[in-house]
Amino acid sequence: MKKTMIVLALIAGTSLYGKTVDAYINQLAAEAKQQNSAFQGFSAQRGKDIYFSKHIGKRGKEVSCASCHTDNLRQGGENIFTGKKIKPLSPSVNPKRFTDVKKVKKWLRRNFKDVYKREGTAQEKGDVLLFMRSN
Amino acid sequence: MKTITYTLTLAAALLAGNMLYADDERYERGKPYMTETGKAATLYKTECGACHMAYQPEFLPKRSWKKMMQTLENHFKTDATLEKEEYATIQAYLLRNASDAKPVFGDIGKIGRKIPADQTPLRISETPYFKKEHREIPKRMILQKEVKSIANCAACHTKAEQGNYSEHTIFIPNYGKWDD
Numbered sequence: 001m002k003k004t005m006i007v008l009a010l011i012a013g014t015s016l017y018g019k020t021v022d023a024y025i026n027q028l029a030a031e032a033k034q035q036n037s038a039f040q041g042f043s044a045q046r047g048k049d050i051y052f053s054k055h056i057g058k059r060g061k062e063v064s065c066a067s068c069h070t071d072n073l074r075q076g077g078e079n080i081f082t083g084k085k086i087k088p089l090s091p092s093v094n095p096k097r098f099t100d101v102k103k104v105k106k107w108l109r110r111n112f113k114d115v116y117k118r119e120g121t122a123q124e125k126g127d128v129l130l131f132m133r134s135n
Numbered sequence: 001m002k003t004i005t006y007t008l009t010l011a012a013a014l015l016a017g018n019m020l021y022a023d024d025e026r027y028e029r030g031k032p033y034m035t036e037t038g039k040a041a042t043l044y045k046t047e048c049g050a051c052h053m054a055y056q057p058e059f060l061p062k063r064s065w066k067k068m069m070q071t072l073e074n075h076f077k078t079d080a081t082l083e084k085e086e087y088a089t090i091q092a093y094l095l096r097n098a099s100d101a102k103p104v105f106g107d108i109g110k111i112g113r114k115i116p117a118d119q120t121p122l123r124i125s126e127t128p129y130f131k132k133e134h135r136e137i138p139k140r141m142i143l144q145k146e147v148k149s150i151a152n153c154a155a156c157h158t159k160a161e162q163g164n165y166s167e168h169t170i171f172i173p174n175y176g177k178w179d180d
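The listed protein sequences correspond, in order, to chains A and B. Read in order, the letters of the first sequence correspond to residues 1 to 135 in our numbering. Read in order, the letters of the second sequence correspond to residues 1 to 180 in our numbering.
For the record, the hints were derived by calculation from the structure and aren't laboratory data. It should be emphasised that the depicted structure is a prediction, and the values quoted were computed from it without experimental measurement. Just to be clear, a hint being listed does not mean it is correct.
To be verified - Pairs of lysine to aspartate or glutamate residues, derived as EDC-like cross-links and limited to a Cα-Cα distance of at most 16 Å, are as follows: (1) A:K84 - B:E47; (2) B:K84 - B:D100; (3) A:K102 - B:E167; (4) A:K58 - B:D79.
Given only the sequences and the hints, what does the whole structure look like? Please build it.
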């Protein structure tokens with residue numbers, strides 16, 4: 001009996017966590033649709049381009065998301081400006097990733113500004129999240 | 001009578017405090033770094049330690065931290081903006097632990113005390129005592145990929161995160177211990 005309760009609590013716990021990030025993604029989808037009626041859903045392929053494409057960033061240097069998070073999301077990276085190590089982004093090796101909506105929003109805001117010198121659009125954020133979560 | 005005792009104790013405490021400030025060689029050497037612990041300190045370490053080591057707030061005066069907190073959207077040309085509640089907690093934490101908010105011992109204290117009153121540095125690494133202590137380090141040791149920047153304190157100061165910068169804890173990558 002006790003065991004089932006714990007298992008149930010765990011399931012509820014994980015789905016709650018999942019739900020918040022998933023709810024955020026649903027919200028992004030609604031916004032994307034509102035901004036562009038032709039929007040058909042997020043694309044991991046477009047997300048991949050957002051992740052790898054290079055831009056002259058806020059610091060005047062050519063950067064992409066991969067500059068700090070590397071070409072392989074299952075690997076750890078390094079902040080190219082400070083040298084501090086960064087743990088892998090891929091949830092398959094780092095299950096803590098994409099579990100905290102506040103954290104996800106904060107870093108998408110900051111990192112888009114650092115690389116693209118502007119905020120990401122709802123569609124861009126959803127695309128890149130889909131790509132990152134499935135790698 | 002009671003008031004007199006209070007006044008005397010207070011005067012004695014103030015005197016002792018002043019002596020600590022003045023005579024850093026004798027009183028401060030070897031004193032371990034002790035700072036606030038708790039929720040605000042933990043939040044500070046997570047948020048301000050995400051891109052680099054969380055620098056001890058005791059390094060810089062209140063005016064420096066105030067200015068830094070006002071310019072987080074362009075923090076050394078990167079975006080370090082915070083949510084509202086986090087912002088308030090971290091700002092308060094920095095201000096109550098700043099170099100001029102309390103007596104600060106050891107080498108950390110020296111850095112803060114030697115900042116001229118008319119300056120508001122945002123970099124610890126550009127303060128006078130810091131520059132004096134680091135002027136003999138060859139450029140190549142700083143620019144090498146294991147260090148990258150003089151702001152990467154922990155690359156050479158192996159106990160920097162614990163607030164210990166003493167000479168025998170220094171180990172420079174591809175060079176070793178520092179003997180001068």
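These are the hints, each one checked on the structure:
1. A:K84 - B:E47: holds, 14 Å
2. B:K84 - B:D100: violated, 25 Å
3. A:K102 - B:E167: violated, 40 Å
4. A:K58 - B:D79: Judged against 16 Å, a Cα distance of about 9 Å means the pair holds.
When the structure is compared with the earlier hints, violations turn up for hints 2 and 3 and for no others.
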